[in-house]
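Let's have the full structure, built from the sequences with the hints guiding it.
My numbering puts the last residue of the sequence shown at 588; the count rises by one with no breaks.
Treat the hints loosely; a few may be bogus.
Claimed, not checked - Below, a list of computed lysine-lysine pairs in the DSS-like style, where the Cα atoms sit at most 30 Å apart:
| # | residue 1 | residue 2 |
| --- | --- | --- |
| 1 | Lys539 | Lys337 |
| 2 | Lys373 | Lys576 |
| 3 | Lys496 | Lys564 |
| 4 | Lys253 | Lys496 |
| 5 | Lys134 | Lys118 |
| 6 | Lys576 | Lys501 |
| 7 | Lys253 | Lys425 |
| 8 | Lys576 | Lys524 |
| 9 | Lys576 | Lys534 |
| 10 | Lys576 | Lys368 |
| 11 | Lys564 | Lys532 |
| 12 | Lys253 | Lys501 |
| 13 | Lys334 | Lys539 |
| 14 | Lys534 | Lys524 |
| 15 | Lys334 | Lys532 |
| 16 | Lys368 | Lys501 |
| 17 | Lys368 | Lys496 |
It is worth saying that the hints were derived from the structure and are not from the lab. Please read these numbers as outputs of a predicted model, since none were measured by experiment.
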Amino acid sequence: MSDQPGQIRVTPRNLTARAAYKVPGNPGNTRLDGSVGNCFPGLEMDVRNLDRRFFPGLVFNAVRVPLSPVPEAPKNAQGFHLVFVDYFYDPMLPDNSPEGWVQTLLEAYSGDIGAKLSQGRWFLSWVEQSGKRITFKEEDGTPYDGLMIWRFIRSLEHGDDKPVSIALERRNHEGIVDTEQVVLHGFRRQYRTEAGVFSEAYDPGELTQSLCNPWSHDFRDCGCHYWPSNHPDVVMAEVAHDDQLPSGQSKNPIEAETYLDWLRSDKSPSGNVAALNTVEQNRPYQIDHYQVNQMWSELPIVVEGRETGEVYEVDPEMPGVEPYDTPEDMVKDLKTRLAAMEMTLSLQYLYAYFSLADPETADTQKWPTLKDDLIFARRSVLEVAIGEMTHMRWANQLLWELEPDDYEPILTPSETLPAGRCKTQPRALRPLTAEALADFIEIERPGGFIDRAYAQCVATLEQEDLFPERRLYALAVRIDTDGDEHFLRFSQMKDVLAKYDTGEDTPAYLRPIEVGTEAQAKTALDLYAKVKDGLAKAYTLEAEGQFEESQTYIQQVRDDMKLFRDEGEALAAKNIGIPFWTEGKA
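Here's what the structure looks like:
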């Protein structure tokens, strides 16, 4: 064996870049090893164009299922559509090739088969390699979408020992196959040559021909997955400073929930109407291609999902909020007030949820919109109640992260709630009357006690010298910012339900429930106790880092909560409310 090292060969990988003149072809930035790997269609090139010529001598297009087909259009137009036969000068099909399969294909293309393929609409029916055949149709005979077929074509292997067979079928105007299939045998095309350049089979500009041109049309039509940060679909409208909540959302609950089409042609306040559900529905109200070429630079900048003017304020601070004097003070406040308060709120909101009438029993003769409004209100109250349960869990996590050795789960509801600056009010189990709803709005009001309390936690955990890790800060921010959503939900419910409160008897949207006795609600209270016990065990295990073990109890709690909800509904149907507490006793 020789001790001499093997020779090192340096192979040029981009011959076109070495030329002394401009070489006709596809731009250098389309090289597979020099482009961003996006494939729908791509940043520098549309990689789907590589597989247009996967089979020697044929050129296909991947045709999608039309979004809005017109009645007179041909049926079953989707699939891998044969555009034309192109065997002249194909580097895989030289006239003097000794390969039998090459001569067979040349004879077919130049003879009867080529003539047959030039008539009508031909599509790829199936492909076979290594004994595996994939037919491009559903069980009911519906052809696959062209993009789906393209993904199969991409998976074909290249190699002299990997022959490929394909079948082509012709469809008439009704989408029915009207002649025998044409079966061809060959090999899969290799994209690049040994020199590192694209096969000469690809015409100059072919790899970029399906990209948006001019590029400003990207703003209207591009579906590439790298666009979302630069090409939002729906956005929130810019909000004047005086009309903002601390989070930047509008104080108006309708505006805060309304998503607009970023490309809407009418940018005036009167044009700020909700975007429709599909691209096709929104098209008539968007700026057209000519307009986008002229004014693409005037499209509003979007930050955090909201259109932004000349000034963007990052994390506006709540006035008058200072950090706790010490981390110990924050822990004490979490233990004695905040975590327990979240428990109380979640139970009050659950009680209010059960007080709402069953949408299926709504008097739609007298109140035609009542059923839909009840569905909205029940869903919204339940979402807020679940949100408060989540806050309680996060407050407990803050405690076990801050004091892991002394942690004990906080699952006892507080006996009082804030009612303005330096004021409290007793907790109360109330139906969702207008008065109760007004109190809920006040409790969740941005800048109110709860909001300021968690803003103080945020300000404390933001001090990197005390808390170098950002996990706890991020957790406190999530609790703090959720309050805006709860405020908006209740505000919207107030507007929606107001018309049903005529001032006479019980409002049409409510059940006349009253707090029941422990005997009446024994099953529900037993389930409630099981939920609290399961949460206590789960939180304790999580505090000890035993996350997998805690999941057993988390699943048990979820199952019990489903049973609890069913029992609560059954009691509410009898006008009985669950007594989560008795007066003065948690």
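Quick rundown of the hints versus the structure:
A hinted pair counts as satisfied when its Cα atoms are at most 30 Å apart, and Lys539 with Lys337 qualifies at roughly 18 Å. Under the criterion of a C-alpha separation no larger than 30 Å, the hint pairing Lys373 with Lys576 is consistent with the structure, at around 20 Å. The straight-line distance between the Cα atoms of Lys496 and Lys564 is roughly 28 Å, inside the 30 Å bound, and the hint therefore holds. Note on Lys253 and Lys496: the hinted pairing holds, with a Cα-Cα distance of about 14 Å set against a maximum of 30 Å.
For the suggested pair Lys134 and Lys118, the alpha carbons sit about 27 Å apart, so the restraint of at most 30 Å is met. Between Lys576 and Lys501, the direct Cα distance comes to roughly 25 Å. Compliance with the 30 Å bound is thereby established for this hinted pair. Only pairs whose Cα atoms come within 30 Å are accepted, and Lys253 paired with Lys425 is accepted, the gap being roughly 25 Å. Of the pairs offered as hints, the one joining Lys576 and Lys524 holds, with about 15 Å between alpha carbons and a cut-off of 30 Å not exceeded.
Proximity of Lys576 to Lys534 is assessed by CA-CA distance (about 25 Å); at most 30 Å being required, the pair is judged to hold. At most 30 Å may separate the alpha-carbon atoms for a hinted pair to count; Lys576 and Lys368 meet this at roughly 23 Å. Between Lys564 and Lys532, the direct Cα distance comes to roughly 12 Å. Compliance with the 30 Å bound is thereby established for this hinted pair. Proposed proximity of Lys253 and Lys501 is supported: the alpha carbons are some 21 Å apart, at most 30 Å.
With a C-alpha separation of about 22 Å, the suggested pairing of Lys334 with Lys539 holds against the 30 Å cut-off. For the proposed pair Lys534 and Lys524, the alpha carbon gap of about 15 Å is at most 30 Å, so the pair holds. At most 30 Å may separate the alpha-carbon atoms for a hinted pair to count; Lys334 and Lys532 meet this at roughly 27 Å. Simply put, Lys368 and Lys501 have alpha-carbon atoms about 12 Å apart, close enough for the 30 Å limit, and the pair holds.
In summary, the hint linking Lys368 to Lys496 is supported, as the alpha carbons are separated by about 20 Å, within the 30 Å threshold.
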